[in-house]
Amino acid sequence: MKLQRFTRTLQNAMLTLGMALSSLAMAQTPAAPAASAIPPTWAQGRTPEQVALNLVPHPPGMTALPAEDIPTDKLKVPAGFKVELWATGMPNARSMVQTPKGTLFVGTRFPGNVYAVVEKDGKREVKTIAKGLHRPNGVAFKDGSLYVAELSRIIRYDNIEANLDNPPTPVVVFDALPKDEAHGWKFMKLSPDGNYLYFQIGTPANITVQPVTHAVIVRLNLKTNILETVANGVRNSVGMDFHPVTKELWFTNNGRDWVNDDLPNDTLNRITAKRMNFGYPFCHQGDLLDLEFGKGRSCDEFDKPVMKIGPHVAALGMRFYTGKQFPAEYTNNIFIAEHGSWNRSKKSGFDVVRVVLDAKGNPTKKEVFVSGWIQGDDFWGRPADVHVMKDGSMLVSDDVAGAIFRISHNK
Amino acid sequence: MLMRFSKAIQGVAFFFAAFTLQQAWAAPDAIAGKAKAQLCGACHGENGVSSIAGTPHLAAQPQLSIFYQLLQFRDKRRLGGGMEAIAAALTEQDMRDIAAHFAAQPAPAPHTGGDPQKIAQGQQIAQQQYCSSCHGAQLQGQKHVPRLSGQSSEYFVSQLRNLRSGARADMDGTMASAARSLTDEEIEAMAVYARSLP
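Protein chains in written order, with numbering that gives the first Met the number 0: chain A, 0 to 410; chain B, 0 to 197.
A hint or two may mislead.
Part of the chain B face toward chain A, derived, beta carbon under 7 Å [said to hold, decoys possible]:
1) L70
2) E83
3) S132
4) T173
Not close to chain A: a few residues of chain B, all C-beta gaps over 12 Å, as computed [unchecked claim]:
5) A34
6) A41
7) V48
8) S50
9) A59
10) I85
11) T111
12) A136
Restricting the straight-line Cα-Cα distance to at most 35 Å, the calculated cross-link-like pairs of lysine-lysine (DSBU-like) are [said to hold, decoys possible]:
13) B:K117 x A:K126
14) A:K100 x A:K119
15) A:K178 x A:K303
16) A:K122 x B:K75
No lab work stands behind these hints: they were computed from the structure. Beta carbons: idealized from backbone N, C-alpha and C, even for Gly.
If we strip away everything but chain B, and leave its shape as in the complex, we get (with noise of 0.2 Å):
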């Protein structure tokens, strides 16, 4: 199983290889992105909305957050899903136009019938985190902070534990310092608030 996942990321590698053209940086570019991601689409979804458990959706993500996680992976300051080999056979225009083309993709639809109670509860804690001064009074995302509405809760509650943990650096330290007090509860209630936002 991991012998063919491993196959599966080296075939991928050398697919984006082959986009490796030379090129000037230009303005990212979705029509280009579309072709270009279209591998990410196994796991993410053609369109952004991934029905794999705790892959993230990308759909409607900011472009600049895309772009840096990216960025991130390639240069392994992130790890995880094998996104590192891929990201590494990408160049920055790819990865810019391709996350153009999902930052162009509908929102993934807001969870329903999520326990009221654990929503309302994540809705405290987000506020008491004051997750929405960066992520947004939606958490819609904006810039190079992503977008939490709509997220899968496995890969939300996945995410924050790491960044607990340390297993995830972030770009300043300001999630580290946030996560840092959490309880398993709290991320999960979060999560499951987080995924009921449009």
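In isolation and in its complexed conformation, chain A is listed as follows (with noise of 0.2 Å):
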């Protein structure tokens, strides 16, 4: 016992000593200047010249607007279609989930809330069921069960509906996920069978030679809690959904920022085979290979994307319309919200669109579906997911109003 305390005390004497003898050898040569530390993560890959743009990423949306202040009248949509302010004051509102019984699960990125929207009574009311979660931005539901994907973990409040006056604890189901901040927030959505859930751990920066565990899409089988890739070279998906018909899985992919005004696309993409690999950070849209990490490669080596959706449009929340509602012409048509732009001299996105599949199920055409959140420069909202709902009717969630608009088809 006296030895070891002795021991010890040795040993801090000549560590102190240690770091003496090092500092008085810091102070002899002159201090090397400092390594440069790492630009934050949206102003990687900035050219000088674009610099002198003075692009910088929106301010989240941190509030909700009253409903009153909202401008419903400013979106259009096509001949036949409206649109109403469905729900409002959820500060963030993105990515949603709806129950068999009707209940509407919101997450968001930077509240920390998750709401639940329920009609009760002919009335619609929202409540907040969680917060101070770390980016509770995905949202499945499974068995009466809600499931939220945090920024690294996944978590599920049992038996929720019955409870969201007072939601239980949840139950972590998964936490060995990576803790990096860019592109750290999920989207989710479970498979078909039920037994996936399927998300997106994003690339850490926004171009860089990422971690073999990064910039992929993965499945979490919920039976044995075995976490898989599915695909690779996927720079940051936050919109996926299943072929109604083949149950193949469709996502969209944000591009990287930087290259140009027009380049490169977000796109579209659908995983026909195992291991599929998108080509970031080597190859972007399927043909356009990186100027500084696509040196010795070639876009022949990757899976393409099916359409190129537009330059930084932000492409996030998609669906296929699987309702009964809109004219058939959109039967399994595809809804994609496009966020909108931030490093563009003019801004792209801040829209719904519609992509047209032909017979087959290749992408065809794509057109605007809602837009008006953009007035000039100026926008007053940003759309971030889509919903079909039961009655065939579609939800737009809003990040920026904290809203959530419904439009319908009148017959």
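Using the supplied hints, reconstruct the complex from the two chains, each of which is provided in its own coordinate frame.
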């Protein structure tokens, strides 16, 4: 015991002496300039010319606009369709999932809240069922349980619908996920067979050679709790859905920032095989080698997107239209919420687009379906996700207005 | 002392509660904000230049940066200085107006007489750390990103230390990642540099 203490004292003394010596050595040589740190994620890969453009990310949506201040009448839809304000008071409302009973759960990225929208006695009510979570962007529902994807873990609220006013403590389902903040918030989707949760682990930067754990779409087996990679080279997908007929997974992917105003495109992609690789960081949009990381590579090494959606539009939530209310030609079309650009001199996106598929399921054209969030160069809201309701109408969440809109078709 | 302080906060909270009028959201109103900001001035200075060491200057801060910090205090995602209780008594319109008032005030005068060597060191570190990417070329702030130029160095040091330790959570992780590798000495030098800026 005594000896031990003595040894420890000796060690400490030696350590102190060592430190003194090393600081002495440091004092003798001029201090080397500290290595440059890493720029913030959004500023990586910017050229000096682009620095001069003074383009920076938009402030995140942190509040909800009061209902009377939301300019719903500015939203334009094709003839025969109607837009209405459906629910308000949900700061940063993003990903949506609806239960068979009709409760809509809504995740957020910034405030750490999860909301539930319920209809009771003909009145719609918004409840905040969780607060203080870390980027609870992803939501899924199975067998009475709400699954929430936080930044680095998946949690579960059992029997949630019977306890909306007093939600249970969540069960941690899986917590061995990376903790990187950049592109760490998740979009999550339950597989059609109910056995897997699909979500993305985005790249931890704008453009970098990522660890093998990142820039992937993965799935978590809910029976075995085993995580497996579904697709590689996916920079960051914040929207995915299963084709209602083929059950293939389709997803949107956000292209890198700062090539130029028109490149690269965000993309729509389709998974038709195991272990597909969509090219990041070497090849963007299927045919554009990265100026830096693409050297010595070819886009032929990688799988191609099925459609280029537009440069910097921030294609987020997507769903197949599986309802019956819209005209027949909308059946199995895709709707995509474009959150809107920031690193582009003229803003792009800020709308919901429709992608038309042919009989073989190949995209043939893209057209604007809902627009009007942007007026001139200013925007009052940003669409983040879409959701098809049982009655065939469609919801659009807006994480700046903190609201949800409903689009219906008048027969 | 502490008790008197909490009593003061209660008083402030009560004062603000009186302002909680039912009103529709309107554009931030600096004139209305001036009246609502009367009690802020007790610590932050009437014109947003504080004479209490460690209390931030609010003058010329971007409107959105003050508003967003008040939201964080209200939701207890940021703690400190009794601001949680004060923010909890404000409506979002109050917050917007108060923020607009301070945003419209003239910037604090740059501190003169700082150690030139420290200022130069701080400037070099700030460049290496890409501070200007978000905070602007003169660290003047933009949108929701706070102004650092002319800021109280005690406040600057305490906040960067809190961001480094995680005691203060930032909005999206950018500052936690930026502060992670900084030494106390580097933080101190940057603080001296920032307060020297106009």
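Since B:I85 was said not to touch the interface, does its Cβ keep a gap of more than 12 Å from each Cβ of chain A? It holds; B:I85 is separated from chain A by about 18 Å at its closest Cβ, greater than 12 Å.
Checking hints one by one. Is B:S132 an interface residue toward chain A, by the C-beta closer than 7 Å rule? holds (4 Å)
Quick check for students: does the CB of B:A136 sit more than 12 Å from each CB in chain A? violated (10 Å)
Quick check for students: does the CB of B:A34 sit more than 12 Å from each CB in chain A? holds (22 Å)
For a C-alpha distance cap of 35 Å, please report whether B:K117 and A:K126 respect it. The given pair, whose Cα atoms are some 52 Å apart, is violated under the 35 Å limit.
Within 35 Å, alpha carbon to alpha carbon, are A:K178 and A:K303? holds (29 Å)
Non-interface claim for B:S50 versus chain A (Cβ beyond 12 Å): Fine: 30 Å to the nearest Cβ keeps B:S50 off the interface.
Holds or violated: A:K122 with B:K75, Cα cutoff 35 Å? holds (31 Å)
Since B:A59 was said not to touch the interface, does its Cβ keep a gap of more than 12 Å from each Cβ of chain A? Per Cβ check, B:A59 is outside 12 Å of chain A; nearest 18 Å; holds.
Hint validation: B:T173 versus chain A, beta carbon distance must be below 7 Å. Holds or violated? holds (5 Å)
For the pair supplied as a hint, A:K100 and A:K119, is the alpha-carbon distance within the 35 Å limit? Holds. A:K100 to A:K119 sits at ~12 Å (cutoff 35 Å).
Is the nearest CB of chain A more than 12 Å from the CB of B:T111? holds (27 Å)
Consistency note: the structure conflicts with the earlier hints numbered 2, 12 and 13.
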